[in-house]
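Keeping the supplied structure of chain H fixed, place chain R upon it in accordance with the hints.
Protein sequence lines correspond, in order, to chains H and R.
Counting the first sequence from 1 gives a position; my numbering is that position plus 46.
Counting the second sequence from 1 gives a position; my numbering is that position plus 1.
Calculated directly from the structure, the hints in this document are not laboratory data.
Treat the hints with care, since some could be wrong.
[As the list claims (entries may be wrong)] Dumping the calculated BS3-like pairs for lysine-lysine here, alpha-carbon to alpha-carbon at most 25 Å: (1) R:78 / H:88; (2) R:276 / H:89; (3) R:312 / R:183; (4) R:254 / H:210; (5) R:183 / H:72; (6) H:89 / R:183; (7) R:259 / H:72; (8) H:210 / R:276; (9) R:126 / R:340; (10) R:323 / H:159; (11) H:146 / R:276.
[What the hints assert, rightly or not] Partial list, derived from the structure: chain H residues whose beta carbon lies under 10 Å from chain R: (12) 53; (13) 150; (14) 153; (15) 179.
Here a beta-carbon is modelled for each residue, glycine too, at the ideal position from N, C-alpha and C.
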Amino acid sequence: MNLYIGLVIILVLIGFILVYNTVISKKNNVDNALGAINAELKKRRDLIPNLVECVKSYMIYEKELLEKIVSLRELAERSLNPEERLQIEQEISRILYHLKLRFENYPDLKASKNFLQLQATLTDVEESIAAARRFYNQAVTEYNNIIEQIPYMFIAKMLGLQRKEVFTIPEEEKTNVNISELLR
Amino acid sequence: MNQEELNKIERKRRTIYSVFQTVNIAIGILFIGTFLFIILNVLSPDFETFFALPFITFLLMMILNFISQYLKNLLKKEISKLVYAPAFKEKNTEFNYESGLTLNEVMSSKLLPRPDDFVSNSLTKGEISGFPYKASNITLWEENKETDSDGHSRTTRSIIFDGRMYIIETPFNKKGIIIKSKIVGAEYVINKIVTIVIAIIAFGIFLSILLHSLSDSFFREDASFFIFFIIVAILILIVYILFGGKEGYQEAKLESSKFNEYFEVQTQDQVELRKTLTPTVMEKLINLRNIIGNFDLSIIGNKIFFAFPQKISIQYDKPIQKLIEDAKETVEEEIETIKSIIETLKLEEERIKKGI
Chain H
47 MNLYIGLVII
57 LVLIGFILVY
67 NTVISKKNNV
77 DNALGAINAE
87 LKKRRDLIPN
97 LVECVKSYMI
107 YEKELLEKIV
117 SLRELAERSL
127 NPEERLQIEQ
137 EISRILYHLK
147 LRFENYPDLK
157 ASKNFLQLQA
167 TLTDVEESIA
177 AARRFYNQAV
187 TEYNNIIEQI
197 PYMFIAKMLG
207 LQRKEVFTIP
217 EEEKTNVNIS
227 ELLR
Chain R
2 MNQEELNKIE
12 RKRRTIYSVF
22 QTVNIAIGIL
32 FIGTFLFIIL
42 NVLSPDFETF
52 FALPFITFLL
62 MMILNFISQY
72 LKNLLKKEIS
82 KLVYAPAFKE
92 KNTEFNYESG
102 LTLNEVMSSK
112 LLPRPDDFVS
122 NSLTKGEISG
132 FPYKASNITL
142 WEENKETDSD
152 GHSRTTRSII
162 FDGRMYIIET
172 PFNKKGIIIK
182 SKIVGAEYVI
192 NKIVTIVIAI
202 IAFGIFLSIL
212 LHSLSDSFFR
222 EDASFFIFFI
232 IVAILILIVY
242 ILFGGKEGYQ
252 EAKLESSKFN
262 EYFEVQTQDQ
272 VELRKTLTPT
282 VMEKLINLRN
292 IIGNFDLSII
302 GNKIFFAFPQ
312 KISIQYDKPI
322 QKLIEDAKET
332 VEEEIETIKS
342 IIETLKLEEE
352 RIKKGI
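With the rest of the complex left out, here is chain H:
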């Protein structure tokens, strides 16, 4: 009889280990995805000084916009709060988007080899940011699903795991923004 009880305990223990590992791996996947976004954002922040240096002599009428992006970059570098940093990054995205639109007005700039190279790198990094966001959203969806499913929810409650929010593209990124508003 003791043997059977022992066997049942072993099976329950193995089941517990499997469920626990699944929940933890989903949680870690979300952390990995967030890490991937941060790594790509860091790459973009590192590109900004070079970009500003390259365009400032051409884009004399966008001086304020360039100063704004440099100050936002420094703010993001200094910020220790991840949520605040993500908000600053969204602001940087908006300004970069409008800066890119204004590149069209400077044909001399578009002829610069250095600028073209920087622009291509920036575009690639932004594509990576978008891909990392997709990865994060997928990881969060899987995580949210699993922490509400039986038997995973018991482990999730035990570990105090909460639902996480997916990334949404801010409305202002989808619509045209008043540049003067940005520079206030």
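Chain R alone, transformed into the frame defined by chain H:
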């Protein structure tokens, strides 16, 4: 190719094909004759002829079969040289029936397990949409050794993959992405039911053996040792399930439920995977799956690998004009399929570069 040349090829094809058919008919007659002879003489056998005749006919059939295979190969070689090679050449592609991809090239796709035996032929080399590519028919076998209760061992061969593989060189440089088709539809349901039934039966047998063994005094004496042994086995199984994938590759799910239903994806880099498999590419792959059926794809470094379970089959039993039409159709199909995927990936790369 002018009419006179065509007539010459057709005469050659007909001659070889007639000999080939005659040999096959002779094999058939020998087989039926021997069979009838055995049936008619089984009740009152004249021992010398009863055993000697089948032995002689069997030898003859072996020789004829060898001749038949030789003629078939000869026909295929001639047709591939005279019909398929020119059809591919029209599309700036080389075709060589006797060459094929090497095993190392096939293995570098990471789409197939290492086989015990490997054959390849019908190599094509060319350029599609500015990308150099090569492809060939490949067949991979695995051998299983079985030993019966008397200690006799025999080897059985089963096919791992029988189809065509394409290797396309691109200017992109990607970390590993492996996309494999899943079984879908009725086949999926049947597969699932069979798996569940087998699992239940296997578990039932395992449990009954385990419970019976535990009540046996022999096992009870060393129960702790056997339980320890079972735990180790289960843990090894768990570790294998959790970490048994390809080295450095992680499974990935994407946003499209249809894509997840059709394909299983493994990657070395989740971000790069999503840069490559954009919604447009995913949709294109789903459409392709609906049109051509199962296929596997991998993108490793600067190479794209496609594996289709369909070969280029050299026809030889039709008039030359029909064979030329068939060859042209085969070439078109091959090129169009590859083109559609390359174009999708290429367009996406260009879109990314331009930041559209």
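Could you grab the alpha-carbon distance between residue 312 of chain R and residue 183 of chain R and see if it respects the 25 Å cut-off? 20 Å, holds
Given the hint that residue 78 of chain R pairs with residue 88 of chain H, does the C-alpha gap stay at or below 25 Å? Given that 25 Å is the threshold and the Cα spacing comes to 59 Å, the pair is violated.
Next pair to validate is residue 210 of chain H with residue 276 of chain R; report whether the Cα-Cα distance is within 25 Å. 24 Å, holds
Is the interface hint for residue 53 of chain H satisfied, with its Cβ closer than 10 Å to some Cβ of chain R? OK, holds: residue 53 of chain H within 10 Å of chain R, min 7 Å.
Quick check on residue 179 of chain H please, does its C-beta sit within 10 Å of some C-beta on chain R? 9 Å, holds
Between residue 254 of chain R and residue 210 of chain H, does the CA-CA distance stay at or below 25 Å? 18 Å, holds
Residue 126 of chain R paired with residue 340 of chain R [C-alpha distance capped at 25 Å]: 14 Å, holds
Keeping to a limit of 25 Å between CA atoms, is the pair of residue 146 of chain H and residue 276 of chain R held or broken? 21 Å, holds
Pair hint residue 276 of chain R and residue 89 of chain H, alpha-carbon separation not exceeding 25 Å: 16 Å, holds
Holds or violated: is there a CB of chain R closer than 10 Å to the CB of residue 153 of chain H? 18 Å, violated
Take the C-alpha atoms of residue 259 of chain R and residue 72 of chain H, compute the straight-line distance between them, and say whether it is at most 25 Å. 22 Å, holds
Regarding the pair residue 323 of chain R and residue 159 of chain H, is the alpha-carbon distance no greater than 25 Å? 56 Å, violated
In this structure, the earlier hints numbered 1, 6, 10, 13 and 14 are contradicted, and the remaining ones agree with it.
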